[in-house]
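Colleague: Make the full structure from the sequences, and use the hints.
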Amino acid sequence: MSTSRRRTAAVAAVVASLSLVATGCGAGSKTSAETATKVECDYTAPSGKTDVNVLAYNSSSVDPYTNTMVSSCTKGDVTVNHEPIDFAGQVQKTTATLAGDSGTYDIIETYSFVIPQLAAEGKLEPLDDFVEKHSEEYGLDAINENMSGAMTYDGKLYGLPMQAQMLIMAYRKDVFDELGIAPPTTFDEMRDAAKKIQDAGDIKYPIALPLLASADIVTAYDAALGSLGMNLTDPDSMSANLDTPESAQALEELVSLKPFMDPQVTTFDQPAVQQQMYNGSAAMSIMFSGRMNDLTLESNSQFAKDMAFAAPPSVDGGDILYDTISVDGWSIPANTKNDKDMLFEMLASSVSEKASKASLPAAYPARDGMVTESSMPFATAANESIAGVPPSEPYPWTASISNAITPMIADVVVGKTSIEDGTQQMQAAAEKILAESK
Amino acid sequence: MRRREFAMLAGPSILVMAGLLLLPLYRTIQWSLQDVDYGSPGKFVGLDNYRQAFSDPRLADAVVFTVTLTLLVTAVLVVVGYLLAAFVNSLGRSKPYVLGLLLVPYVIPHIVGATMFSWLFNANYGGVVTYAIEKMTGIQVLWMTDTWPNRILIALNIIWSMLPFAMLIILAGLQGVSAEILEAAKMDGASPVRTHLSVIVPSIRGVLGFVALISIMDVVRTFDPLVPLSPQAVQLGNESIMLYIYNVAFRDGGQDLGLGSAINVLLILLIIVLLYPFIRGLAKEARMR
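These protein sequences, in sequence, are chains A and B. If you want the numbering used here, it's the position in the first sequence, counting the first as 1, plus 55. If you want the numbering used here, it's the position in the second sequence, counting the first as 1, plus 271.
No wet-lab data here; the hints were simulated from the structure. Treat the hints with care, since some could be wrong.
[Stated by the list, open to error] Taking lysine-lysine pairs in the BS3-like style, the calculated list, with each CA pair at most 27 Å apart, reads: (1) A/Lys392 x A/Lys148; (2) B/Lys314 x A/Lys493; (3) A/Lys313 x B/Lys406; (4) B/Lys406 x A/Lys259.
[Said to hold, decoys possible] Beta-carbon label-pair distances, calculated as ranges: (5) A/Thr299 x B/Ile379: 48 to 58 Å; (6) B/Tyr377 x A/Asp243: 47 to 57 Å; (7) A/Asn355 x B/Asp417: 25 to 35 Å.
[As the list claims (entries may be wrong)] Below, a sample of chain A positions facing chain B; criterion: calculated Cβ distance under 8 Å: (8) Ala154; (9) Ser157; (10) Thr159; (11) Gln253; (12) Leu267; (13) Ala268; (14) Pro318; (15) Gln319; (16) Gln330; (17) Pro462; (18) Ala465.
Virtual Cβ for every residue (Gly too), placed ideally from N, Cα, C.
Modeller: Take a look at the structure:
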């Protein structure tokens, strides 16, 4: 090889290497300046270099809070670190970091579903004393009481609420208007609407639900069961309600929607359902509110302008909707070695009024009075959804039972197991977990 | 070599091997006999985890699926890898370019490759292959929810990602075949097919055995391609042993590291059984030399 060719090759190699490094840096930093709002974060810094590691999954509704914390609370010798991670990764790392006497993370994103289990196991720090001490400074009295209640276990607050996610129906207003269909308020109406849209010929599978067999399907079952007025378990008698007629009906109702959904719906998670709405292959979907703002962005879909929102329907026409609410918040692991007062100030600053305002419209902030039609295109739907949500089940065994019955629900929905057998299997699995919890 | 020099040179490797191989193996066997949760000391339960594993029909399904997948994919890798290697070996100046192109799937991380692969078959993300098949035949293939199409999809992806390795190793073997022997075969009037079957293949038998051995080890441990390619693996009976271990150890009903470890021990035994003929063959060949 001649000298000039070698030099050219060397330059090309250096350019390629630098490009890769730059690409890597870009991918690693999710603390985007775009969504980071600067707020007061007035903690007393400890002496010496201190690292605070934050565990929070990336989504358009959680990122604003995480980014605010990282950008506002990193100062002097204190560095707040956050690495990008998806929700499944967060679940795994939460278990690992809370396991021993010391963990990797000092602040973790939690949600109402897991609080009872983690709190009962003594893995989280109670926050009540910190709230009392810093309430005025960070305006914590404006945080919605019900949302604080969702992060409370046995009378103690274990997570400072940042935002709530509830199920919302998104639908194509242009399609509905053209066919003279109103947003459905029951599953019967939803099936009728879907039939009309199917018959019109343009959209083969009008309904899109996240029914991923390994995860989301249990949320759908729980929402249907709740809408029929039944909880998973009865904490007083420590018995499960999974072999009840309501449980069978909840499964029947989910199965009854299959003719109107993509035949591969049991492989669809929420991003896949968003994709169906983006590309126009579905006309209505029910997902968590954190996914809704993405549907209104023209950069995502040519149908963005045609998206409209409503509260999810009830299964059989009752007052309780096919719905569930998940409150996201910040918790402090009991095994962190950092100063817990400092950590609390960091998480309090990230849910301050200014930070919460900046999270709109992607998130439904936990602060009262923030969500209006002008601040969030699906505000009415979100508020109606909250009003009709089934009661929560804040028990330590709820998460374990949900995990255990997920494959059984999937077996029923795909037709591998009959509804009767499925409910019996689910009941047996739940009773076993309840017996261990006694 | 002096004893001290040997210790200095081999010491670091032995330490790394002990830390990354023996310690985890010891822990896995220990946990397989315990009821274990993260961060808490395990409680000895004897062979309960093994009993539980053998009583779960999912284990048998996972073993049948994994072993069948492994044998079929390995056979395809060896045969198609050989054909590709022979083709590349016959090329002239274009050889490095073709070789570079064929190696692309090998350098793509499995999970990324499998995700991109899934989009070719998923109508929701374009699904070019599905679209083409539907246009040509009028049949809508449900790659993710029908058992056999999903199995074909998984096998195709693994073959796509591992074929470059098989081809590369076999190519190295082909380049080592003596030109004199090939010349002699030609002079004796052997056809190209006869030359391959009777001269070249026997000459590189050890290389082919090595490719089969590595392929079996890799395919038996299939995990990440199933995440994007078979989201409904449990319901379809397309759950590999590694995915089954992950599901019981970390997902279904919470954490069950003891049961997961017991299945892991069974997997190690299965790998030894599958590899035994190849290891014995390689050892025999080494002794003959």
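Colleague: Run every hint past the structure and note whether it holds.
Modeller: Hints and how they fare:
1. A/Lys392 x A/Lys148: holds (17 Å)
2. B/Lys314 x A/Lys493: With Cα atoms ~19 Å apart, lysine 314 of chain B and lysine 493 of chain A stay inside 27 Å; holds.
3. A/Lys313 x B/Lys406: holds (24 Å)
4. B/Lys406 x A/Lys259: holds (17 Å)
5. A/Thr299 x B/Ile379: 48 to 58 Å: Once the Cβ atoms are compared, 49 Å apart, the range 48 to 58 Å for isoleucine 379 of chain B and threonine 299 of chain A holds.
6. B/Tyr377 x A/Asp243: 47 to 57 Å: holds (54 Å)
7. A/Asn355 x B/Asp417: 25 to 35 Å: holds (30 Å)
8. Ala154: holds (3 Å)
9. Ser157: Result: violated, 10 Å to nearest chain B Cβ.
10. Thr159: With a minimum Cβ separation of about 12 Å from chain B (threshold 8 Å), the hint on threonine 159 of chain A is violated.
11. Gln253: violated (16 Å)
12. Leu267: Constraint on leucine 267 of chain A satisfied, holds at 6 Å.
13. Ala268: Because about 4 Å separates alanine 268 of chain A from the closest Cβ in chain B, which is inside the 8 Å limit, the hint holds.
14. Pro318: This interface hint holds because 6 Å falls under the 8 Å limit.
15. Gln319: holds (5 Å)
16. Gln330: At 5 Å from the nearest chain B Cβ, glutamine 330 of chain A passes the 8 Å test, so the hint holds.
17. Pro462: holds (5 Å)
18. Ala465: holds (5 Å)
Of the hints listed earlier, those the structure fails to meet are numbers 9, 10 and 11, in rising order.
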